[in-house]
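K.L.:
Sequence:
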Amino acid sequence: MPKSAVYFLVTVFLAVTTLTACTPQTRPNAMTVVQERQVLRVGTLMNPTSYYFDHDREQGFEYDLAKRFADRLGVELEMVPRFDVNDLFTMLRRGEVDIVAAGIDRTSTRSQLFRFSPPYDVISQKVVFKQGSRQRPRDLQQITDGEIVVVEGSSHHEFLKSLGDSIPTLKWRATSDHDAVELLRMVINEEIDYTITDSTALDIQRRFHPDLSVAFTVKHDQDIGWALPQSDDDSLYAAVIEYFGEIRSSGRLAHIKEQHFGHVKQFNYVTTSLFIEAVDTILPKYKNLFREHSGTLDWRLLAAISYQESLWNPRAVSPTGVRGMMMLTLPTAKAMGVKSRLNAEQSIRGGARYLERMLERVPDRIPQPDRTWFALAAYNIGFGHLEDARILTEKQGGNPDRWVDVKKRLPLLRQKQFYRQTRFGFARGDEPVTYVGNIRRFYDTLKYLDEQGRL
Numbered sequence: 070m071p072k073s074a075v076y077f078l079v080t081v082f083l084a085v086t087t088l089t090a091c092t093p094q095t096r097p098n099a100m101t102v103v104q105e106r107q108v109l110r111v112g113t114l115m116n117p118t119s120y121y122f123d124h125d126r127e128q129g130f131e132y133d134l135a136k137r138f139a140d141r142l143g144v145e146l147e148m149v150p151r152f153d154v155n156d157l158f159t160m161l162r163r164g165e166v167d168i169v170a171a172g173i174d175r176t177s178t179r180s181q182l183f184r185f186s187p188p189y190d191v192i193s194q195k196v197v198f199k200q201g202s203r204q205r206p207r208d209l210q211q212i213t214d215g216e217i218v219v220v221e222g223s224s225h226h227e228f229l230k231s232l233g234d235s236i237p238t239l240k241w242r243a244t245s246d247h248d249a250v251e252l253l254r255m256v257i258n259e260e261i262d263y264t265i266t267d268s269t270a271l272d273i274q275r276r277f278h279p280d281l282s283v284a285f286t287v288k289h290d291q292d293i294g295w296a297l298p299q300s301d302d303d304s305l306y307a308a309v310i311e312y313f314g315e316i317r318s319s320g321r322l323a324h325i326k327e328q329h330f331g332h333v334k335q336f337n338y339v340t341t342s343l344f345i346e347a348v349d350t351i352l353p354k355y356k357n358l359f360r361e362h363s364g365t366l367d368w369r370l371l372a373a374i375s376y377q378e379s380l381w382n383p384r385a386v387s388p389t390g391v392r393g394m395m396m397l398t399l400p401t402a403k404a405m406g407v408k409s410r411l412n413a414e415q416s417i418r419g420g421a422r423y424l425e426r427m428l429e430r431v432p433d434r435i436p437q438p439d440r441t442w443f444a445l446a447a448y449n450i451g452f453g454h455l456e457d458a459r460i461l462t463e464k465q466g467g468n469p470d471r472w473v474d475v476k477k478r479l480p481l482l483r484q485k486q487f488y489r490q491t492r493f494g495f496a497r498g499d500e501p502v503t504y505v506g507n508i509r510r511f512y513d514t515l516k517y518l519d520e521q522g523r524l
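Basically the working numbering = 1-based index in the sequence shown + 69.
Keep in mind the hints are simulated off the structure, nothing from the lab. Please note that a few of the clues may not be correct.
Within a straight-line C-alpha distance of at most 25 Å, the following computed PhoX-like cross-link-like pairs (lysine-lysine) qualify [claimed, not checked]:
1. 485 to 464
2. 477 to 334
3. 136 to 326
4. 288 to 199
5. 356 to 408
6. 477 to 326
7. 288 to 334
8. 199 to 516
9. 516 to 334
10. 356 to 516
11. 516 to 326
FRET-style restraints, in silico, Cβ to Cβ [claimed, not checked]:
12. 521 to 181: 39 to 47 Å
13. 521 to 388: 36 to 44 Å
14. 254 to 101: 38 to 46 Å
Quick caveat: nothing in here was measured; it's all calculated off a predicted structure. Yeah, the Cβ is synthetic: ideal placement off N, Cα and C, and Gly gets one too.
Please put together the full structure from these sequences, using the hints given.
P.N.:
Encoded structure:
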């Protein structure tokens, strides 16, 4: 090759190299980064509403939402739990997580720092105290006999700071030593006077601590959403918006909310207090029988059913003729080999076998926990009426394999215009809805008390 040609090629190479070095390299967008990494990193709070471990399995409302989103993207999910919301926001700013999903309410201050997904829940914020410990205040001006303690960096902290000196008599402080659940327990133990909490967290904790009493609401209709970095990069943000639109329109969001919170909204102080008292005074007499005869069932579920049926009274009798700890009908008792329905052990054994039979009849395609809720409804109303409600659900465009859809149609079995279309006719369809909800609450309470070593 002539020297002139070599010089020309070298010159061209150097020019191209120089131009390439001077040209700014385009950074991959957030979605590309996640897909190349093959992992979606989601920051969350370790608590009963967002993320926790149950028998070494990841659980929680935010976990279920995030897992479904990661599956949609075709990547693995890595939950990054923290105990302080400030740590989550710091990680989000540093790019150490892609999303924060922790029941975060969208405030004006937070909206300036981060971008929020479409809201997937709406909560209220309430001032809480221990019932009987003091006279109930009606507003912040009436809190003159104690101090409000909130989590540092929380929206409750932001709200109290926004008050400035407008209420000179109000005493409050923020702490980083305790999370929101711990503060509620401290109220019960009278270690602090008041706290501010979100309505969902309160609904869950009142199942275990019925003496948590609401003084008043400080904020209504607060949107809950995922937080993402404030950026011109819309790739991941657009995917989140599309995801929430899809699960809302398909009914999947309502299904996930029902699984986690569908049973906690209805709270009755007397019922909850009497149940916890019965756990201490009556359950010890029968706990071993529930354990012994539970079979494939969780003995705590069996105990919850029995309390709903008979208040753990082995000699209970209803006007319709059902009897005993598990309130068995005579035909059911005979089919289950129960000779005396008023014998506690026979009744518990028969009830357990009957529920297992109902579980076997529920279609295999229906996953847990809906499978159990359907079986409980059948235990209460009969499998035929349950099937009628499922068929009616499908006719009306609902999903017959989701409890959240079927429980809306069960009460229709009382109305002639609907039950005339069914095979088994009239039924008091509202009763299994209440029945299942009560058992779910009792069951959750028993699981919590068991984890605390109180059983």
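K.L.:
Against this structure, judge whether each hint is valid.
P.N.:
Do the hints match the structure? See the list:
no.: 1; hint: 485 to 464; in the structure: 16 Å, holds
no.: 2; hint: 477 to 334; in the structure: 16 Å, holds
no.: 3; hint: 136 to 326; in the structure: 14 Å, holds
no.: 4; hint: 288 to 199; in the structure: 20 Å, holds
no.: 5; hint: 356 to 408; in the structure: 22 Å, holds
no.: 6; hint: 477 to 326; in the structure: 15 Å, holds
no.: 7; hint: 288 to 334; in the structure: 18 Å, holds
no.: 8; hint: 199 to 516; in the structure: 23 Å, holds
no.: 9; hint: 516 to 334; in the structure: 18 Å, holds
no.: 10; hint: 356 to 516; in the structure: 13 Å, holds
no.: 11; hint: 516 to 326; in the structure: 20 Å, holds
no.: 12; hint: 521 to 181: 39 to 47 Å; in the structure: 41 Å, holds
no.: 13; hint: 521 to 388: 36 to 44 Å; in the structure: 38 Å, holds
no.: 14; hint: 254 to 101: 38 to 46 Å; in the structure: 44 Å, holds
Violation of the numbered hints given earlier is absent; every hint is satisfied by the structure.
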